[in-house]
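Undergrad: Required output: the full structure, derived from the provided sequences and hints.
Chains as they are written, first to last, in the working numbering: chain A, 1 to 266; chain B, 1 to 242.
Treat the hints as calculated values from the structure; they're not laboratory data. Do not rely on the hints blindly, as some may be mistaken.
To be verified - For lysine-lysine, the following DSS-like pairs were computed, each having C-alpha atoms within a straight-line distance of at most 25 angstroms: (1) A:LYS263 / B:LYS40; (2) B:LYS40 / A:LYS13; (3) B:LYS172 / B:LYS25.
As the list claims (entries may be wrong) - Partial list, computed: chain B residues near chain A (C-beta under 10 angstroms): (4) THR42; (5) GLY49; (6) VAL51; (7) ILE81; (8) ALA82; (9) ARG83; (10) PHE84; (11) LEU88; (12) LEU97; (13) ASP99; (14) MET145; (15) PHE191.
Here a beta-carbon is modelled for each residue, glycine too, at the ideal position from N, C-alpha and C.
As a plain string of letters, each chain reads:
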Amino acid sequence: MNVIPAATVKVMKYELRDVARSRWLIAYTLFFIVVTDALLRFGGGGKSLISLMTITLFIIPLVALVFGTVYLDNAHEFIELLLAQPLTRRQLYGGLYLGLSIPLALAFLVGLAVPFTLHGLDDPALRASLAMLAVTGVVLTFVFTALAFVIAAWSDDRMRRMGAAIGVWLFVAVLYDGLVLILVMMFGDYPIERPMLGLMLANPIDLARVLLLLQFDMSALMGYTGAAFQQVFTGSTGILIAAAALTFWVAAPVLLGLRAFQKRDF
Amino acid sequence: MIAISGLTKRFGEQEVLRGLDLTVKHGRVTAIVGPNGAGKTTLIKTILGLVRADAGSIRVNGVLVSDDCAYRANIGYMPQIARFPQNLTGAELLAMLRDLRGSRGMSVDGTLDEELIDRFGLAEHLGKPVRTLSGGTRQKVNAVMAFLFAPSLLILDEPTAGLDPAASSVFKDKILTERDAGRTFILSSHFMNELEELADDVVFLLDGVVRYSGAVDDLMRNTRQANLGRAISHLMTMGVAA
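TA: Quick look at the structure:
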């Protein structure tokens with residue numbers, strides 16, 4: 001038996017075709033091409049990789065959440081039509097999820113790959129870091145596209161869904177680190193390394209950042225949670241734990257989205 | 001063909017279906033009528049499995065509607081609003097449905113019913129992306145999809161709302177031909193003259209229950225009205241009064 005049912009692959013195939021022709025997706029690809037190219041031209045080397053990481057960690061969650069939410073809003077009638085076909089909801093969900101997340105991930109990879117191919121990348125350490133950045137960006141795409149499915153089932157009101165998508169992004173990408181900092185200031189006199197570690201694992205963007213900075217070997221830039229992380233884990237153990245946590249961060253929203261999709265009324 | 005008993009559905013505070021019982025006969029066109037908010041669309045969506053009932057049961061051809069999706073291979077559905085992925089072409093949409101249905105190996109006896117493509121003159125539009133098609137043309141694609149697999153049951157929700165008069169006539173002829181070939185139709189519409197032409201049976205919904213269900217001829221006789229439109233508005237005023 002196949003792991004992915006044939007019906008899922010078929011839904012994915014057609015949705016992928018639709019998403020890939022979307023002007024927004026093309027703009028998204030161009031955005032990464034232009035930004036990466038500019039950073040390579042003017043910065044070059046490790047510095048440009050750090051800047052690229054910062055932009056990636058902001059933009060990917062935002063686009064996956066907002067593009068995903070808008071796409072699912074517009075696809076509502078189409079999903080109804082598909083649900084009226086002899087498919088199970090699980091098959092349909094799988095197809096919709098992959099058909100949305102794969103083009104987004106590919107757009108990012110293409111946007112990254114084109115400038116680096118043009119400029120060339122000689123340093124093998126940088127090459128490894130770039131590969132890590134690519135993997136992390138893809139994982140974040142899968143995480144936040146899944147969250148868009150959770151949001152789609154959460155409310156019947158289009159504006160509230162849009163608000164939730166932006167709200168989730170603001171929280172994980174912007175507010176979270178500020179809140180962590182406030183906690184550090186308040187409880188700075190206590191041994192808070194382990195709680196900090198928990199807080200870092202609880203936010204996929206923080207987690208991705210630490211993973212990347214450990215790889216880049218730039219602990220000075222890691223912020224408080226990252227510093228705590230490196231104190232407890234060094235080298236490959238740290239990366240392994242962070243990778244396991246990121247895997248969890250993909251699986252949990254995907255399953256949550258599936259549950260919501262199965263219960264939902266259309 | 002369809003047997004529904006004790007169907008209940010609540011959306012938050014609002015109880016949309018309140019223990020609805022209904023039988024739909026094979027080989028007839030059953031019109032579902034009722035004021036806005038009576039539960040027509042919810043009923044249709046529950047039969048299709050788009051909405052999950054809180055209580056009650058639906059049997060289509062004796063098969064209980066539940067998580068098993070196989071029964072939908074025998075159903076053609078034409079939703080009220082035709083909105084498809086913007087960047088796919090009509091031909092791609094039809095290919096997708098063929099792909100999906102074919103994979104289940106059901107209901108497809110090799111031949112597809114593409115008559116409406118010719119009769120609507122749709123062939124020349126099928127190569128264009130959906131976003132460039134007019135609303136009426138999209139509704140024609142929608143109609144083609146419902147009939148494509150020659151299903152034994154067709155569920156049409158306000159089907160002619162977006163069609164021009166010529167297309168509408170073609171579509172109505174198609175319904176009558178297919179009914180005579182033994183297919184069953186469930187039709188929701190606000191156009192009384194359309195129902196007059198098409199409907200064999202009438203189901204009148206009010207506040208989530210069936211207030212009247214029977215043949216059109218009987219309804220006319222019982223209400224002593226001149227036409228179906230009058231008879232149904234008679235039911236509505238009586239229903240509201242009751």
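Undergrad: Taking the hints in turn, state whether each one holds.
TA: These are the hints, each one checked on the structure:
| no. | hint | in the structure |
| --- | --- | --- |
| 1 | A:LYS263 / B:LYS40 | holds (21 angstroms) |
| 2 | B:LYS40 / A:LYS13 | violated (34 angstroms) |
| 3 | B:LYS172 / B:LYS25 | holds (20 angstroms) |
| 4 | THR42 | holds (9 angstroms) |
| 5 | GLY49 | holds (7 angstroms) |
| 6 | VAL51 | holds (4 angstroms) |
| 7 | ILE81 | holds (5 angstroms) |
| 8 | ALA82 | holds (7 angstroms) |
| 9 | ARG83 | holds (4 angstroms) |
| 10 | PHE84 | holds (6 angstroms) |
| 11 | LEU88 | holds (5 angstroms) |
| 12 | LEU97 | holds (7 angstroms) |
| 13 | ASP99 | holds (5 angstroms) |
| 14 | MET145 | holds (7 angstroms) |
| 15 | PHE191 | violated (21 angstroms) |
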